[in-house]
Amino acid sequence: MRNFIILLIASFLLFFQNFPLFASEKLKELFEQATGAFSQGDYGQAIKLYEQTLEIHPDFAPSYNFLGLSHKAVGTDLTDVAWLFKTAIDIDPNYAQAYDNLGKTYYSLGDFNKAEEHCLKAIELDPGLVTAKLALGWIYLLGKSQPGDAIHYFSEVVESREQLPFAYFGLGLAYFMEQQHFRVLEMITTLRKIEREDLASQLEELVRSNRFGPDLIPGQPLIMPNKQPGILVMDIDESSLFSSSFDPKDGGERRVRLRRGVDQEDPQALNEEQKPLTYAERIQVLQKKRSGLRY
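Under full-length UniProt numbering, the sequence shown has 291 at position 291, and the numbering climbs by one with no breaks.
Simulated from the structure, these hints should not be mistaken for laboratory data.
A few of these clues could be false.
Within a straight-line C-alpha distance of at most 27 Å, the following computed DSS-like cross-link-like pairs (lysine-lysine) qualify [stated by the list, open to error]: (1) LYS289 x LYS275; (2) LYS28 x LYS288; (3) LYS48 x LYS86; (4) LYS288 x LYS26; (5) LYS193 x LYS144; (6) LYS289 x LYS26; (7) LYS86 x LYS28; (8) LYS275 x LYS121; (9) LYS48 x LYS289; (10) LYS48 x LYS28; (11) LYS26 x LYS48; (12) LYS289 x LYS28; (13) LYS288 x LYS275; (14) LYS193 x LYS26; (15) LYS26 x LYS86; (16) LYS288 x LYS86; (17) LYS114 x LYS86; (18) LYS114 x LYS28; (19) LYS86 x LYS121; (20) LYS114 x LYS275; (21) LYS121 x LYS144; (22) LYS193 x LYS48.
Nothing here was measured: the structure is a model prediction, and the numbers come from that model.
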């Protein structure tokens with residue numbers, strides 16, 4: 001969590017320079033409030049606050065990036081989520097974390113070539129970005145069936161940071177695909193040492209049954225996009241260290257209140273002007289503002 005907060009502060013300071021003082025204090029306050037809501041899992045509130053920062057500074061790239069993460073968390077359609085990350089990149093073409101997040105979103109959409117492209121760009125901009133390396137490990141392992149490349153990136157992750165269960169798990173799967181069974185046993189032992197018996201048992205069963213699951217065709221994905229989740233890219237965002245960025249949600253059409261004190265379940269309390277927007281509609285508002293149209 002500490003590293004996550006540091007990342008948010010660094011993102012803010014990077015884009016904060018040369019911004020007018022009278023507006024910067026309000027922007028800083030709102031961004032910190034949004035960060036607090038995001039880190040506590042109150043994604044609906046985080047979305048509202050990040051949107052407010054864009055009222056002050058429409059080209060504040062970190063807000064688009066964290067809006068993307070927040071919308072992903074509540075289950076907004078991933079095509080709309082991708083737009084938020086793309087906008088952050090359009091504003092700042094050197095924003096490594098936005099490339100990383102966009103790459104992982106493309107992975108979830110089943111576009112493994114674009115996922116690879118954007119995660120590689122993230123590492124080019126920030127060679128120490130562990131999340132992008134971990135994502136590339138899963139992209140190469142399950143999206144492109146290139147276990148050798150997956151081993152390279154998973155190995156870099158475990159060398160840079162200790163006790164990341166899903167990096168060891170990914171290594172075990174990649175070694176199995178490469179028929180390096182002794183190395184698989186090493187990963188099983190490591191997982192047990194860090195008390196991840198669940199993952200160790202899965203790898204152990206893999207060795208015993210001598211089956212990966214689906215029939216392996218070199219160069220072909222081992223997951224079916226939007227049909228079978230498979231083993232998904234694990235996101236290390238420090239707010240929930242081992243939670244998947246791509247867990248299935250409920251469609252992204254949950255509604256949010258725009259005004260306090262309005263009971264959404266009371267139809268008489270909502271007139272046409274107060275009617276809440278879906279998360280998808282909130283992104284449409286941002287898109288219209290970006291294109292110069294009035295909503």
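Right, here's what the structure says about each hint:
| no. | hint | result |
| --- | --- | --- |
| 1 | LYS289 x LYS275 | holds, 20 Å |
| 2 | LYS28 x LYS288 | holds, 25 Å |
| 3 | LYS48 x LYS86 | holds, 20 Å |
| 4 | LYS288 x LYS26 | holds, 24 Å |
| 5 | LYS193 x LYS144 | violated, 30 Å |
| 6 | LYS289 x LYS26 | holds, 21 Å |
| 7 | LYS86 x LYS28 | holds, 23 Å |
| 8 | LYS275 x LYS121 | violated, 41 Å |
| 9 | LYS48 x LYS289 | holds, 16 Å |
| 10 | LYS48 x LYS28 | holds, 15 Å |
| 11 | LYS26 x LYS48 | holds, 15 Å |
| 12 | LYS289 x LYS28 | holds, 22 Å |
| 13 | LYS288 x LYS275 | holds, 19 Å |
| 14 | LYS193 x LYS26 | violated, 48 Å |
| 15 | LYS26 x LYS86 | holds, 25 Å |
| 16 | LYS288 x LYS86 | holds, 15 Å |
| 17 | LYS114 x LYS86 | holds, 12 Å |
| 18 | LYS114 x LYS28 | violated, 33 Å |
| 19 | LYS86 x LYS121 | holds, 13 Å |
| 20 | LYS114 x LYS275 | violated, 37 Å |
| 21 | LYS121 x LYS144 | holds, 18 Å |
| 22 | LYS193 x LYS48 | violated, 43 Å |
In this structure, the earlier hints numbered 5, 8, 14, 18, 20, 22 are contradicted, and the remaining ones agree with it.
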